[in-house]
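J.: In the order they appear, the protein sequences are chains D and R. Each residue of the first sequence is one higher than the last, beginning at 5 in the working numbering. Each residue of the second sequence is one higher than the last, beginning at 340 in the working numbering.
Simulated from the structure, these hints should not be mistaken for lab results. Be careful, since some hints might not be right.
[What the hints assert, rightly or not] Listing some non-contacts, in silico: residues in chain D with all C-beta distances to chain R over 12 Å:
# : residue
1 : Gly-38
2 : Asn-53
3 : Trp-243
4 : Phe-292
5 : Ser-326
6 : Pro-327
7 : Glu-328
8 : Leu-350
[Unchecked claim] Simulated coverage check for chain R against chain D, where a stretch passes if three residues somewhere in it have a Cβ under 8 Å from a Cβ of chain D:
#  : segment
9  : 455-467
10 : 547-559
11 : 587-595
12 : 839-852
[To be verified] Residues of chain D clear of chain R, computed beta-carbon distances all greater than 12 Å:
#  : residue
13 : Arg-62
14 : Glu-71
15 : Ala-111
16 : Pro-121
17 : Ala-130
18 : Thr-140
Ideal Cβ positions, reconstructed from N, Cα and C, are used throughout, including at glycine.
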Amino acid sequence: MKFPLIALTLAWPAALLAQPQPSDWEAVLAEADGQTVYWNAWGGSTATNDYIAWIGDRVAEYGVTLEHVKLADTADAVTRVLSEREAGQDDGGAIDLIWINGENFIAMKEAGLLFGPFSTELPNYAFVSDDPAITTDFGMPVDGMESPWAKAQFVFMYDSADTDAPADMQALLDWTAENPGRFTYPQPPDFLGTTFLKQVLVSQAEDPTVLSDPMEEADFDTVTAPLWEYLDALRPNLWRGGEAYPTSGPAQFQLLTDEEIDIAPSLSPSEASTAIANLQLPESVRTFVPEGGTIGNVSFLAIPYNSSAKAGAMVVANEILSPEAQLRGQDPEVLGYGTVLDMGALDPEMRQAFEDLDQGIATLSPAELGEALPEPHASWASAIEAEWIERYGAQ
Amino acid sequence: MLGPVAAGLWGAVLPAFGHLPAAGFEGPSLEAWERLFGWAGIWPASLLSVTTGFAATGLSLVIVTLITAGWWGTRPFAWLERALSPLLSVPHAAAAFGIAFLIAPSGWAMRLVSPWLTGMERPPDVLIVGDPWGAAMVAGLVAKEVPFLLLMTLAALGQVRARSSLFVARSMGYGRMSAWLKTVFPAIYAQIRLPVYVVLAYSMSVVDVALILGPSTPATLSVQIVRWMSDPDLAMRLVASAGALWQLALVIGALALWRLGEIVVARRGLVWAAGGSRAAWLESLRPPALGLASLSAILVLAGLAILALWSFAGIWRFPEALPDALTLRSWSRHSGGLGQALSDTAMIAILATALALVLTIGCLEAEFRRDRPIGRTGLWLLYLPLIVPQTAFLPGLQTLLLRVGADRGAGPVIAAHLVFVLPYVFLSLGDPWRAWDRRQAVAAATLGASPLRVLLGVRLPMLLRPVLVAGAIGMAVSVGQYLPTLLIGGGRVATLTTEAVALSSSGDRRAIGVFGIAQTLAALLPFALATIVPLVLWRHRRGLHG
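Only chain D is shown next, with the shape it has when bound in the complex (with noise of 0.2 Å):
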């Protein structure tokens, strides 16, 4: 990358028009009232369409209408931002909010594309838990530049009609080894994909203490040396001889069904249960987090400099905070991700609405989730996207 953004953003004047003031929350409601809220979100998940579309019909009340552009790939919108910049659109762009991750929140917060900050002074924002896995972004400090929306873990659905599941990362390397053509995870760059190879970096490097820090080209190849020794020894055993992989995480549930496979990596503790309630997976299917621990991650909203409708997208981002938004996105009848509020700050009635949540019959108990693991820092993980996709994408 011989151009980095920040070049770009140098360039640029900054704040350019009179931008809605999140501090005044009443200014906000009233000039979002009657704004269509562009969300571009990734589209692949049937259960997470249906929720975007309940979030829609709750924004209504105050104006605000949410259409939801379903995206392939987030980079895609990423990418738009920047072609808008690039042809000098710095106001009325195409989206309005991203559901991002961290590698390209990291890209448009360094490049100046975000508007912000603004979450925490979303009204909701007060619910938030003080967390460090919600205060920074793949070792990125958030700023208020984007607003948390749920949380996951990594765990591995397995189908307890056909295996048991494995102790831990080693083990289950042993089991594939056992059991050829019944593992695998989706090819990376996929965001599932990529968070594998991250959990199998964190768990086998000698030190996992210095993915925290920025990556230098150093000692990239001995920390991720295990990395790769862990799966040139996977991927004879993968399904398909690791000549195919699937396109992302849902995909694995047909294989799932289908008994092409019995264990696969997931984001979401309780994404296996919803998958179970919408007839996706099998009712066998069961979740473990091997010992040692898995990655945490959480997933946020961000909006574009020159959205159109900041007002609206930012009452769409506090929306999402409202505790009953929460309890229904945490339902595994409906979505099943972790919510991103302190039990402690929510009312007794709305603390015993969570507790008394049926977590699913796949889903781990908190405890045995265990403490999640920190993300390594986000240019680990650009490094060894781009390593897998050269030594075993394009061969």
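Starting from the known structure of chain D, fit chain R onto it as the hints suggest.
T.: Quick look at chain R alone, frame taken from chain D:
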């Protein structure tokens, strides 16, 4: 037609040589090319593009030639002709989904024979969909290109004296097959040469079918170009542009190679035809020809049936041949998104087709009044957007539209669809239009009708059926467009096709079933109307039923 293609290509040339000032790149530089050819997958991806292109085109042409040679004028051929409109209207993506559901190791074909015949409780771990040679992709393409080439062949048959040539040849003792290949085929091929080139270029650069049935490690060149196009690292745009030009070079090279093959085959063929051998062994090819043509039709139709079944399926595990229960759940669940996508799809298809019809009728009428038919150059220009790979000029066109701020919403998408709809509408309406008996115009004129009145009052009503069929073909083409909708619409225009392909990454067969079937119905309905409307309108005028 030249405009958008040339503009799009120009929009790819500058960035390919490192010049994209708005993004901070000042050319010229060869860095994009170095990165393109430094990419580990470039040779496998390019090779795949070439081999699948030749395989799909060659197979389709052979099947179409053998089936018409062996069976033209027979009852089985009449059945195939009747299946033609539905087969043509099935969008590529829907056909590809259906075929994927059918032939996967855990697909329906396997379920039918498991476990009672195969003894398998679990599907075998073999790579069928997404195989590294692209065989599944070729099968999907052949199944869709055979109907297209067959339609073109049938149209060409009207212009060569097939029947009398056959009659003469057969009276000299040639069999059905050899008589056809020696006397009719050369004339037919001259007529369908451009459509064959279209099939070759299309097969080499298709994106949606490659995403669904093609390999992924690495993917085909065109899929990779689309990925580079949407990379957040702007430098990858330059690589995408270089890739687009490389794709174009590959297609031009393949077309040249094909042309060379034509010359060789023509020379050999001439010797063979003049040699006078009766080649009786050719007759034995008749059953396999019928088999292959039926197989390609059955693949598409059975695939669609499975797609429909999945959209109503309850729990359906391997190796059950049928789902546990049928439910409307998937349909009601997607009804909201489906309605929106359906209305956008219909609006775009209707407007693009209406524009194409107006333009086509205008051109044809001008041609009629001046009495000067479209020349060779005109035909090439018409075919240009179909021959230049979409991946080569659409990204450039997108960048250009973005510059002028017309990059979003339905307008640009309709214009982009028009580029692909117009050639098909023109080609399908041209022949019936020219075949119209001009004495009708003379008769009307002697009664005092102006040329406009002749057109509106006599010609269009008489040609209602061909006009409607051309419109239906145009609608089907528009419904099936993936890349123009995705790239030019800026993601805001969601049609049934873009939704269905986006869903392909979810592997949710029920959702894919719903959108795939809706997509097929949207393309099929205009064909049904084109058949029914003239019957109803002219129910008291038998001669106009056409």
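J.: Take the hints in turn and mark each one as holding or not.
T.: Checked hints:
no., hint, verdict
1, Gly-38, "19 Å, holds"
2, Asn-53, "7 Å, violated"
3, Trp-243, "7 Å, violated"
4, Phe-292, "21 Å, holds"
5, Ser-326, "22 Å, holds"
6, Pro-327, "26 Å, holds"
7, Glu-328, "21 Å, holds"
8, Leu-350, "31 Å, holds"
9, 455-467, "holds (count 6)"
10, 547-559, "holds (count 4)"
11, 587-595, "violated (count 0)"
12, 839-852, "holds (count 11)"
13, Arg-62, "15 Å, holds"
14, Glu-71, "8 Å, violated"
15, Ala-111, "5 Å, violated"
16, Pro-121, "22 Å, holds"
17, Ala-130, "33 Å, holds"
18, Thr-140, "20 Å, holds"
When each numbered hint is compared with the structure, violations occur for hints 2, 3, 11, 14, 15.
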